[in-house]
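K.L.:
Sequence:
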Amino acid sequence: MLDERKSTILRKVVEEHIETAQPVGSAHVVKDPAIDVSPATVRADMAALERDGYLTHPHTSAGRVPTDKGYRFFVDQLVDPGPLDPAREEQVSTFFAGAHGELERMLRDTSRLLSQLTDHAAVVVAPAHEALTLRSTLLTRLGPRIALLVAVLSNGAVEKHVVDVDESLADAEIEDANAWLREHLTGETLGRLSVPPVSGSADVDALIGSCHAILAGANRPVPETEEIYVGGTARMAEHFDAVDTVRAVLSILEQSFVVVSLLQDVLSQGQKVSIGAENGVDSLAECSLVVAPYRVGADVLGTIGILGPTRMNYSQALAAVAVVGQRLGRQLSSG
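Residue numbers for the sequence shown follow my numbering, beginning at -10 and rising by one.
If you are wondering where the hints come from, they were derived from the structure by calculation, not from laboratory data. Zero decoy hints are in this set.
Calculated cross-link-like contacts (lysine-lysine; reagent style PhoX-like; alpha-carbon spacing at most 20 Å): (1) Lys(-5) to Lys58; (2) Lys1 to Lys20; (3) Lys1 to Lys58; (4) Lys(-5) to Lys20.
Here are the simulated distance ranges between beta carbons: (5) Leu256 to Val26: 35 to 41 Å; (6) Ser323 to Ile135: 35 to 41 Å; (7) Glu164 to Phe246: 41 to 47 Å; (8) Pro28 to Gln66: 21 to 27 Å; (9) Thr30 to Thr9: 21 to 27 Å; (10) Ser27 to Glu79: 43 to 49 Å; (11) Arg236 to Leu137: 46 to 52 Å; (12) Glu243 to Ala195: 43 to 49 Å; (13) Thr178 to Asp21: 47 to 53 Å; (14) His89 to Gly189: 39 to 45 Å; (15) Leu131 to Asp194: 18 to 24 Å; (16) Lys149 to Glu119: 14 to 20 Å.
These numbers were taken from a predicted model, which means no experiment stands behind them. Even glycine gets a Cβ: it sits at the ideal position worked out from N, Cα and C.
Work the whole structure out from these sequences, hints included.
P.N.:
Dropping the structure here:
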(Lines of atoms letter the chains of each structure in order from A and count residues from 1; the text may use other names and numbers.)
(Lines give C-alpha, C1' and ligand atoms only; values in the text may rest on other atoms or scores of the structure.)
Protein backbone atom coordinates (compact mmCIF):
# COMPACT_ATOMS: atom_id res chain seq x y z
CA MET A 1 0.00 0.00 0.00
CA LEU A 2 1.14 3.55 -0.73
CA ASP A 3 0.33 6.58 1.36
CA GLU A 4 -1.76 9.33 -0.20
CA ARG A 5 1.21 11.52 -1.16
CA LYS A 6 3.15 8.75 -2.89
CA SER A 7 -0.05 7.64 -4.65
CA THR A 8 -0.56 11.17 -5.95
CA ILE A 9 3.06 11.42 -7.11
CA LEU A 10 2.89 8.04 -8.85
CA ARG A 11 -0.36 8.96 -10.56
CA LYS A 12 1.20 12.22 -11.78
CA VAL A 13 4.25 10.40 -13.18
CA VAL A 14 2.06 7.87 -15.00
CA GLU A 15 -0.22 10.54 -16.47
CA GLU A 16 2.73 12.69 -17.56
CA HIS A 17 4.53 9.75 -19.15
CA ILE A 18 1.38 8.62 -20.99
CA GLU A 19 0.98 12.12 -22.40
CA THR A 20 4.59 12.86 -23.35
CA ALA A 21 6.28 9.44 -23.73
CA GLN A 22 9.24 10.98 -21.90
CA PRO A 23 10.82 10.20 -18.52
CA VAL A 24 9.27 12.38 -15.84
CA GLY A 25 11.44 14.41 -13.48
CA SER A 26 10.60 15.80 -10.07
CA ALA A 27 10.50 19.33 -11.53
CA HIS A 28 7.38 18.39 -13.52
CA VAL A 29 5.73 16.59 -10.64
CA VAL A 30 6.19 19.40 -8.12
CA LYS A 31 4.23 21.79 -10.37
CA ASP A 32 1.03 19.86 -9.70
CA PRO A 33 -1.02 21.88 -7.17
CA ALA A 34 -2.21 18.62 -5.61
CA ILE A 35 1.39 17.91 -4.53
CA ASP A 36 2.02 20.58 -1.91
CA VAL A 37 5.49 19.58 -0.75
CA SER A 38 9.06 20.65 -1.47
CA PRO A 39 11.04 19.43 -4.50
CA ALA A 40 13.35 17.56 -2.11
CA THR A 41 10.41 15.62 -0.68
CA VAL A 42 9.17 14.76 -4.18
CA ARG A 43 12.64 13.50 -5.15
CA ALA A 44 12.78 11.38 -2.02
CA ASP A 45 9.33 9.91 -2.64
CA MET A 46 10.16 9.16 -6.28
CA ALA A 47 13.32 7.38 -5.15
CA ALA A 48 11.24 5.36 -2.70
CA LEU A 49 8.74 4.49 -5.44
CA GLU A 50 11.65 3.28 -7.55
CA ARG A 51 13.01 1.13 -4.72
CA ASP A 52 9.54 -0.38 -4.30
CA GLY A 53 9.33 -1.26 -7.98
CA TYR A 54 6.70 1.26 -9.12
CA LEU A 55 9.09 3.41 -11.15
CA THR A 56 12.32 2.80 -13.01
CA HIS A 57 15.23 4.98 -14.08
CA PRO A 58 15.93 4.67 -17.82
CA HIS A 59 19.52 5.17 -18.90
CA THR A 60 21.13 8.26 -17.38
CA SER A 61 17.98 10.39 -17.54
CA ALA A 62 17.04 12.44 -14.52
CA GLY A 63 13.43 11.35 -14.97
CA ARG A 64 11.59 8.13 -14.25
CA VAL A 65 9.00 6.02 -16.04
CA PRO A 66 6.37 3.64 -14.64
CA THR A 67 6.98 -0.09 -14.41
CA ASP A 68 4.28 -2.70 -14.95
CA LYS A 69 3.69 -2.54 -11.20
CA GLY A 70 3.29 1.24 -11.40
CA TYR A 71 0.78 0.97 -14.23
CA ARG A 72 -1.11 -1.73 -12.36
CA PHE A 73 -1.43 0.48 -9.29
CA PHE A 74 -2.59 3.35 -11.50
CA VAL A 75 -5.20 1.22 -13.30
CA ASP A 76 -6.51 -0.26 -10.07
CA GLN A 77 -7.15 3.27 -8.78
CA LEU A 78 -9.40 4.02 -11.77
CA VAL A 79 -12.65 3.33 -9.95
CA ASP A 80 -14.69 4.69 -12.84
CA PRO A 81 -13.06 5.27 -16.25
CA GLY A 82 -15.79 7.79 -17.00
CA PRO A 83 -17.69 8.37 -20.24
CA LEU A 84 -16.26 8.82 -23.69
CA ASP A 85 -15.74 12.39 -24.77
CA PRO A 86 -18.66 13.83 -26.79
CA ALA A 87 -16.91 13.46 -30.17
CA ARG A 88 -16.17 9.78 -29.65
CA GLU A 89 -19.62 9.17 -28.18
CA GLU A 90 -21.14 10.66 -31.33
CA GLN A 91 -18.86 8.48 -33.47
CA VAL A 92 -20.11 5.36 -31.70
CA SER A 93 -23.77 6.41 -31.98
CA THR A 94 -23.41 7.15 -35.69
CA PHE A 95 -21.71 3.81 -36.33
CA PHE A 96 -24.35 1.67 -34.63
CA ALA A 97 -27.21 3.67 -36.13
CA GLY A 98 -26.04 2.43 -39.52
CA ALA A 99 -24.73 -1.01 -38.49
CA HIS A 100 -27.00 -3.54 -40.16
CA GLY A 101 -26.59 -6.70 -42.18
CA GLU A 102 -24.57 -9.84 -41.63
CA LEU A 103 -22.78 -10.38 -38.35
CA GLU A 104 -19.34 -10.92 -39.87
CA ARG A 105 -19.34 -7.49 -41.47
CA MET A 106 -20.63 -5.83 -38.30
CA LEU A 107 -17.91 -7.40 -36.15
CA ARG A 108 -15.20 -6.51 -38.65
CA ASP A 109 -16.40 -2.92 -38.79
CA THR A 110 -16.67 -2.82 -34.99
CA SER A 111 -12.99 -3.75 -34.69
CA ARG A 112 -12.15 -0.82 -36.97
CA LEU A 113 -14.35 1.52 -34.97
CA LEU A 114 -12.66 0.53 -31.71
CA SER A 115 -9.25 1.03 -33.28
CA GLN A 116 -10.22 4.50 -34.46
CA LEU A 117 -11.53 5.43 -31.00
CA THR A 118 -8.34 4.40 -29.20
CA ASP A 119 -5.62 4.61 -31.86
CA HIS A 120 -4.60 1.03 -31.01
CA ALA A 121 -5.12 -2.39 -32.55
CA ALA A 122 -8.57 -3.77 -31.75
CA VAL A 123 -9.90 -7.32 -31.56
CA VAL A 124 -13.49 -8.60 -31.68
CA VAL A 125 -14.13 -12.27 -30.94
CA ALA A 126 -17.21 -13.60 -32.73
CA PRO A 127 -19.89 -15.43 -30.78
CA ALA A 128 -19.36 -19.16 -30.52
CA HIS A 129 -21.86 -21.07 -32.67
CA GLU A 130 -23.57 -22.56 -29.63
CA ALA A 131 -24.23 -19.06 -28.27
CA LEU A 132 -26.37 -18.11 -31.29
CA THR A 133 -30.15 -18.33 -31.25
CA LEU A 134 -32.66 -19.64 -33.75
CA ARG A 135 -34.67 -16.91 -35.43
CA SER A 136 -36.74 -19.28 -37.53
CA THR A 137 -36.81 -22.78 -39.01
CA LEU A 138 -38.33 -24.30 -42.11
CA LEU A 139 -38.72 -28.00 -42.88
CA THR A 140 -39.86 -28.94 -46.36
CA ARG A 141 -39.84 -32.12 -48.45
CA LEU A 142 -37.47 -32.32 -51.41
CA GLY A 143 -38.15 -35.90 -52.46
CA PRO A 144 -39.74 -39.14 -51.27
CA ARG A 145 -36.96 -39.80 -48.75
CA ILE A 146 -35.34 -36.38 -48.35
CA ALA A 147 -36.37 -33.17 -46.60
CA LEU A 148 -34.55 -29.86 -46.26
CA LEU A 149 -34.18 -28.17 -42.87
CA VAL A 150 -33.41 -24.45 -43.08
CA ALA A 151 -32.38 -22.54 -39.95
CA VAL A 152 -31.95 -18.76 -39.77
CA LEU A 153 -29.62 -17.79 -36.91
CA SER A 154 -29.28 -14.64 -34.84
CA ASN A 155 -26.07 -13.70 -36.66
CA GLY A 156 -27.94 -13.60 -39.97
CA ALA A 157 -26.47 -16.88 -41.18
CA VAL A 158 -28.70 -19.39 -42.95
CA GLU A 159 -27.96 -23.07 -42.40
CA LYS A 160 -29.32 -25.79 -44.68
CA HIS A 161 -29.37 -29.44 -43.68
CA VAL A 162 -30.60 -32.53 -45.52
CA VAL A 163 -32.82 -34.76 -43.37
CA ASP A 164 -33.68 -38.38 -44.16
CA VAL A 165 -37.41 -39.11 -43.97
CA ASP A 166 -39.44 -42.26 -44.31
CA GLU A 167 -41.04 -42.60 -47.71
CA SER A 168 -44.35 -43.47 -46.07
CA LEU A 169 -44.41 -40.16 -44.16
CA ALA A 170 -47.16 -37.93 -45.54
CA ASP A 171 -46.48 -34.34 -46.54
CA ALA A 172 -48.99 -33.25 -43.92
CA GLU A 173 -46.92 -34.95 -41.22
CA ILE A 174 -43.77 -33.15 -42.39
CA GLU A 175 -45.70 -29.89 -42.18
CA ASP A 176 -46.80 -30.84 -38.65
CA ALA A 177 -43.14 -31.38 -37.70
CA ASN A 178 -42.26 -28.06 -39.32
CA ALA A 179 -44.91 -26.21 -37.30
CA TRP A 180 -43.87 -28.00 -34.08
CA LEU A 181 -40.20 -27.05 -34.52
CA ARG A 182 -41.09 -23.45 -35.33
CA GLU A 183 -43.36 -23.17 -32.32
CA HIS A 184 -41.04 -24.71 -29.73
CA LEU A 185 -37.50 -23.87 -30.90
CA THR A 186 -37.70 -20.31 -32.23
CA GLY A 187 -35.69 -18.04 -29.96
CA GLU A 188 -33.79 -20.91 -28.33
CA THR A 189 -30.00 -20.84 -27.95
CA LEU A 190 -28.28 -23.50 -30.05
CA GLY A 191 -26.10 -24.66 -27.18
CA ARG A 192 -29.12 -25.15 -24.93
CA LEU A 193 -31.89 -26.36 -27.22
CA SER A 194 -34.69 -27.80 -25.17
CA VAL A 195 -36.27 -31.05 -26.31
CA PRO A 196 -39.64 -30.24 -27.90
CA PRO A 197 -42.65 -31.84 -26.20
CA VAL A 198 -44.19 -34.86 -27.89
CA SER A 199 -46.62 -34.03 -30.67
CA GLY A 200 -48.81 -37.10 -30.29
CA SER A 201 -47.55 -38.81 -33.43
CA ALA A 202 -44.63 -41.25 -33.16
CA ASP A 203 -43.57 -40.67 -36.79
CA VAL A 204 -43.69 -36.89 -36.44
CA ASP A 205 -41.80 -37.08 -33.13
CA ALA A 206 -39.06 -39.18 -34.76
CA LEU A 207 -38.61 -36.55 -37.48
CA ILE A 208 -38.62 -33.76 -34.90
CA GLY A 209 -35.94 -35.64 -32.97
CA SER A 210 -33.74 -35.91 -36.06
CA CYS A 211 -34.08 -32.19 -36.73
CA HIS A 212 -33.40 -31.33 -33.09
CA ALA A 213 -30.17 -33.38 -33.15
CA ILE A 214 -29.03 -31.56 -36.30
CA LEU A 215 -29.77 -28.09 -34.89
CA ALA A 216 -28.11 -28.96 -31.57
CA GLY A 217 -24.93 -29.70 -33.51
CA ALA A 218 -24.69 -33.41 -32.90
CA ASN A 219 -22.76 -33.87 -36.16
CA ARG A 220 -21.26 -30.38 -36.48
CA PRO A 221 -17.43 -30.26 -36.41
CA VAL A 222 -16.04 -28.36 -33.43
CA PRO A 223 -13.98 -25.35 -34.58
CA GLU A 224 -10.44 -25.00 -33.22
CA THR A 225 -11.23 -21.53 -31.91
CA GLU A 226 -13.69 -18.71 -32.27
CA GLU A 227 -13.36 -16.45 -35.27
CA ILE A 228 -11.71 -13.11 -34.57
CA TYR A 229 -11.66 -9.76 -36.35
CA VAL A 230 -8.66 -7.48 -35.96
CA GLY A 231 -8.64 -3.80 -36.87
CA GLY A 232 -5.93 -1.16 -36.85
CA THR A 233 -2.85 -3.38 -36.93
CA ALA A 234 -0.97 -0.68 -38.84
CA ARG A 235 -1.32 1.59 -35.81
CA MET A 236 1.01 -0.68 -33.82
CA ALA A 237 4.00 0.62 -35.79
CA GLU A 238 3.29 4.13 -34.54
CA HIS A 239 3.82 3.17 -30.89
CA PHE A 240 7.03 1.14 -30.96
CA ASP A 241 10.47 2.19 -32.16
CA ALA A 242 11.85 -1.32 -32.59
CA VAL A 243 10.82 -3.04 -35.80
CA ASP A 244 11.31 -6.45 -34.18
CA THR A 245 8.78 -5.54 -31.47
CA VAL A 246 6.18 -4.53 -34.04
CA ARG A 247 6.79 -7.69 -36.05
CA ALA A 248 6.42 -9.86 -32.94
CA VAL A 249 3.18 -8.18 -31.86
CA LEU A 250 1.68 -8.49 -35.33
CA SER A 251 2.63 -12.17 -35.37
CA ILE A 252 0.66 -12.70 -32.16
CA LEU A 253 -2.39 -10.96 -33.65
CA GLU A 254 -2.34 -13.45 -36.52
CA GLN A 255 -2.72 -16.39 -34.10
CA SER A 256 -6.43 -16.64 -33.33
CA PHE A 257 -6.09 -19.24 -30.60
CA VAL A 258 -3.50 -17.17 -28.71
CA VAL A 259 -5.54 -13.97 -28.98
CA VAL A 260 -8.77 -15.62 -27.79
CA SER A 261 -6.92 -17.29 -24.91
CA LEU A 262 -5.37 -13.98 -23.84
CA LEU A 263 -8.71 -12.19 -23.78
CA GLN A 264 -10.45 -15.02 -21.95
CA ASP A 265 -7.65 -15.24 -19.38
CA VAL A 266 -8.02 -11.56 -18.52
CA LEU A 267 -11.77 -11.87 -17.96
CA SER A 268 -11.50 -15.18 -16.09
CA GLN A 269 -9.25 -13.45 -13.55
CA GLY A 270 -11.88 -10.80 -12.96
CA GLN A 271 -9.74 -8.15 -14.65
CA LYS A 272 -10.35 -5.66 -17.42
CA VAL A 273 -6.70 -4.86 -18.08
CA SER A 274 -3.57 -7.00 -18.50
CA ILE A 275 -0.26 -5.15 -18.39
CA GLY A 276 3.13 -6.13 -19.78
CA ALA A 277 4.44 -9.31 -18.18
CA GLU A 278 0.93 -10.13 -16.92
CA ASN A 279 0.10 -11.18 -20.48
CA GLY A 280 2.40 -14.19 -20.10
CA VAL A 281 3.74 -13.76 -23.64
CA ASP A 282 7.27 -12.44 -24.17
CA SER A 283 6.27 -10.68 -27.39
CA LEU A 284 3.70 -8.63 -25.47
CA ALA A 285 5.99 -7.57 -22.62
CA GLU A 286 5.64 -3.94 -23.72
CA CYS A 287 1.91 -4.14 -24.39
CA SER A 288 -1.35 -3.90 -22.47
CA LEU A 289 -4.72 -5.48 -23.19
CA VAL A 290 -8.00 -3.81 -22.28
CA VAL A 291 -10.94 -6.21 -22.50
CA ALA A 292 -14.73 -6.26 -22.15
CA PRO A 293 -17.43 -8.85 -22.93
CA TYR A 294 -20.49 -8.13 -25.02
CA ARG A 295 -23.79 -9.67 -23.97
CA VAL A 296 -27.29 -10.37 -25.15
CA GLY A 297 -29.36 -10.37 -22.01
CA ALA A 298 -27.39 -12.20 -19.33
CA ASP A 299 -25.48 -14.32 -21.84
CA VAL A 300 -21.92 -13.41 -22.84
CA LEU A 301 -21.70 -13.79 -26.61
CA GLY A 302 -18.12 -12.72 -27.22
CA THR A 303 -15.28 -10.42 -26.26
CA ILE A 304 -13.81 -7.18 -27.53
CA GLY A 305 -10.46 -5.70 -26.64
CA ILE A 306 -7.67 -3.37 -27.62
CA LEU A 307 -3.94 -4.04 -27.71
CA GLY A 308 -1.52 -1.18 -27.35
CA PRO A 309 1.64 -0.11 -25.56
CA THR A 310 1.75 -0.12 -21.76
CA ARG A 311 1.92 3.65 -22.13
CA MET A 312 -1.71 3.96 -23.20
CA ASN A 313 -4.54 6.18 -22.02
CA TYR A 314 -6.20 3.58 -19.80
CA SER A 315 -9.18 5.69 -18.82
CA GLN A 316 -10.07 6.34 -22.45
CA ALA A 317 -9.41 2.71 -23.43
CA LEU A 318 -11.62 1.35 -20.64
CA ALA A 319 -14.40 3.75 -21.56
CA ALA A 320 -14.18 2.83 -25.24
CA VAL A 321 -14.36 -0.95 -24.78
CA ALA A 322 -17.16 -0.58 -22.22
CA VAL A 323 -19.32 1.62 -24.46
CA VAL A 324 -18.68 -0.33 -27.67
CA GLY A 325 -19.28 -3.66 -25.89
CA GLN A 326 -22.63 -2.42 -24.53
CA ARG A 327 -23.73 -1.01 -27.88
CA LEU A 328 -22.69 -4.15 -29.78
CA GLY A 329 -24.68 -6.35 -27.41
CA ARG A 330 -27.68 -4.07 -27.74
CA GLN A 331 -27.40 -4.17 -31.55
CA LEU A 332 -27.31 -7.97 -31.58
CA SER A 333 -30.28 -8.12 -29.20
CA SER A 334 -32.37 -6.06 -31.57
CA GLY A 335 -31.37 -8.26 -34.49
